[in-house]
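A.B. asks: Here's the letter readout for the chains.
Protein chains: 4
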Amino acid sequence: MTKSEMQPRIQRLLEGEESTSAAWRWLGIKLLEAAPGRTLCVMPVTEEMRNHQGVCHGGFITALADSAMGSALATVLPEGERHMSFDLKLSLMRTVRVGETLRAEGTVLHAGRRTAVGECRLHVDGKLVATASGSFVVHRPEQTD
Amino acid sequence: MTKSEMQPRIQRLLEGEESTSAAWRWLGIKLLEAAPGRTLCVMPVTEEMRNHQGVCHGGFITALADSAMGSALATVLPEGERHMSFDLKLSLMRTVRVGETLRAEGTVLHAGRRTAVGECRLHVDGKLVATASGSFVVHRPEQTD
Amino acid sequence: MTKSEMQPRIQRLLEGEESTSAAWRWLGIKLLEAAPGRTLCVMPVTEEMRNHQGVCHGGFITALADSAMGSALATVLPEGERHMSFDLKLSLMRTVRVGETLRAEGTVLHAGRRTAVGECRLHVDGKLVATASGSFVVHRPEQTD
Amino acid sequence: MTKSEMQPRIQRLLEGEESTSAAWRWLGIKLLEAAPGRTLCVMPVTEEMRNHQGVCHGGFITALADSAMGSALATVLPEGERHMSFDLKLSLMRTVRVGETLRAEGTVLHAGRRTAVGECRLHVDGKLVATASGSFVVHRPEQTD
Numbered sequence: 014m015t016k017s018e019m020q021p022r023i024q025r026l027l028e029g030e031e032s033t034s035a036a037w038r039w040l041g042i043k044l045l046e047a048a049p050g051r052t053l054c055v056m057p058v059t060e061e062m063r064n065h066q067g068v069c070h071g072g073f074i075t076a077l078a079d080s081a082m083g084s085a086l087a088t089v090l091p092e093g094e095r096h097m098s099f100d101l102k103l104s105l106m107r108t109v110r111v112g113e114t115l116r117a118e119g120t121v122l123h124a125g126r127r128t129a130v131g132e133c134r135l136h137v138d139g140k141l142v143a144t145a146s147g148s149f150v151v152h153r154p155e156q157t158d
Numbered sequence: 014m015t016k017s018e019m020q021p022r023i024q025r026l027l028e029g030e031e032s033t034s035a036a037w038r039w040l041g042i043k044l045l046e047a048a049p050g051r052t053l054c055v056m057p058v059t060e061e062m063r064n065h066q067g068v069c070h071g072g073f074i075t076a077l078a079d080s081a082m083g084s085a086l087a088t089v090l091p092e093g094e095r096h097m098s099f100d101l102k103l104s105l106m107r108t109v110r111v112g113e114t115l116r117a118e119g120t121v122l123h124a125g126r127r128t129a130v131g132e133c134r135l136h137v138d139g140k141l142v143a144t145a146s147g148s149f150v151v152h153r154p155e156q157t158d
Numbered sequence: 014m015t016k017s018e019m020q021p022r023i024q025r026l027l028e029g030e031e032s033t034s035a036a037w038r039w040l041g042i043k044l045l046e047a048a049p050g051r052t053l054c055v056m057p058v059t060e061e062m063r064n065h066q067g068v069c070h071g072g073f074i075t076a077l078a079d080s081a082m083g084s085a086l087a088t089v090l091p092e093g094e095r096h097m098s099f100d101l102k103l104s105l106m107r108t109v110r111v112g113e114t115l116r117a118e119g120t121v122l123h124a125g126r127r128t129a130v131g132e133c134r135l136h137v138d139g140k141l142v143a144t145a146s147g148s149f150v151v152h153r154p155e156q157t158d
Numbered sequence: 014m015t016k017s018e019m020q021p022r023i024q025r026l027l028e029g030e031e032s033t034s035a036a037w038r039w040l041g042i043k044l045l046e047a048a049p050g051r052t053l054c055v056m057p058v059t060e061e062m063r064n065h066q067g068v069c070h071g072g073f074i075t076a077l078a079d080s081a082m083g084s085a086l087a088t089v090l091p092e093g094e095r096h097m098s099f100d101l102k103l104s105l106m107r108t109v110r111v112g113e114t115l116r117a118e119g120t121v122l123h124a125g126r127r128t129a130v131g132e133c134r135l136h137v138d139g140k141l142v143a144t145a146s147g148s149f150v151v152h153r154p155e156q157t158d
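Chains as they are written, first to last, in the working numbering: chain C, 14 to 158; chain V, 14 to 158; chain R, 14 to 158; chain F, 14 to 158.
One chain only, chain C, in its complex shape (with noise of 0.2 Å):
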């Protein structure tokens, strides 16, 4: 699949229209560059995502590589496809300060008919703070369940 071919929803997110994802909009996650099998999302770390020892909750760090590993699997998979998170592992390095910029890249590792797996890095300033992988089931649209 090449950039050209990227599903519609992919291309527009691209050109900065809002996502069609209430969550990608509340926690306000941008998709900043997509390749066949490769994005890059952004994230502002903001006060409503410090925890009780006011840093960024791991979950938010979690929700922003889950996206950019599934934005990363959107751009290789055919329109009308359904893909769903089925297990997400991270691991944090280092902590997150609300007013940091978290950046995650995302890449598809394998994208079978059933299941995919995807894996993210997650950089503030160039240091990566997390590293992410999950796996995914994929419902292609020519399958029937």
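If you are wondering where the hints come from, they were derived from the structure by calculation, not from laboratory data.
Copies of one chain are not kept apart here, so a pair can be met inside one copy or by any two copies together.
Simulated pairs of lysine to any residue, SDA-like, Cα-Cα distance not exceeding 25 Å:
#  : residue 1 : residue 2
1  : Lys140    : His152
2  : Lys43     : Glu60
3  : Lys43     : Thr108
4  : Lys140    : His96
5  : Lys140    : Thr120
6  : Lys140    : Glu118
7  : Lys140    : Ala48
8  : Lys140    : Arg153
9  : Lys140    : Leu122
10 : Lys140    : Arg126
11 : Lys43     : Pro21
12 : Lys43     : Val68
13 : Lys43     : Thr120
14 : Lys43     : Glu28
15 : Lys43     : Glu118
16 : Lys43     : Arg25
17 : Lys140    : Val151
18 : Lys43     : Val111
19 : Lys140    : Thr108
20 : Lys140    : Arg95
21 : Lys43     : Arg110
22 : Lys43     : Thr59
23 : Lys140    : Met97
24 : Lys140    : Arg107
On the provided structure of chain C, position chains V, R and F as indicated by the hints.
C.D. replies: Only chains V, R and F this time, still in chain C's reference frame:
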């Protein structure tokens, strides 16, 4: 540690006080039960949590699981401790819909001097929808670094 | 599926027959108990499993956990099924020594048409030493691909 | 740490000396390359590693991944250190057959005072068959506990 010795922060959450965590307030997470090594947290799945496929974004489920495991850990650690998620793993078995309420039971499996391991089971209406496990780095108050 | 309907392969293992898996024989894994959705497997930790720090190499603990979850899955699937580990996650809480016997209880949390999720608790002398979770891709006999 | 400062144990493995780890010898794991923060290990898949479905048991793939990450970690830690896997996560993308040789590249993503994170990519004949990540608890020689 007995229930009456649990950190005042946990006691106050149980009494219905607002969480000191902005993330908990934003996500609507409430602590319903706490016993040494175990907590029950709930989160209503709102419109804002909807992904572009119309169901709850996996990141919020992870956020709740992390919160449940973190609060379970707090029930067995003395006041002044700090703990940080080191890795998080989520297995998603069923999709979760807007309007449903997620119940997450966090359990401490191991609480060592420097590290801890927790797990979490997440239910909707009595059905298991996800499981999670997490590792934590622990700083007990007497530790100086 | 009741106990008497379990695959003959599982029944034979319970009766003490040698496993058809070379890996099980090599590692000394035995199936002690099996009920629908649950198995108990044991493995003696031998000199060969010692890592350069003198304790059991984590890979063998994972091998046992994978085996316990896979056999638990086999108790709820019809003969002729195939299942493959898709992801495995192990949390190690205590070191395991040569001469100890690992007991692994595998449990099926979810068995869908195409995917399944299992978990495992591993004990030595009644102490929890590790937990594992795994996702599996399932091919039921009626499926043609 | 430069290559010439790597622990003698790693240097000797590179020179083809037998590993001091019984597990490495039993599994036939060899260290082919080592640079600061990175190693390449290989393991031939033997008849003994066959599971009852006829392909390599996932536990051995995990064992190799753990070994590659552990040795990569040893390249950046001083002699006398001890490190233990704290969690291991493997994503399996393709089955691995008896007679194939697995190549595992271990990389250190983070090496803190007390914890470290590594990842691993496993190939057969240039094809990605699995990825792994792992967290480690590190005891540096100067630490007294």
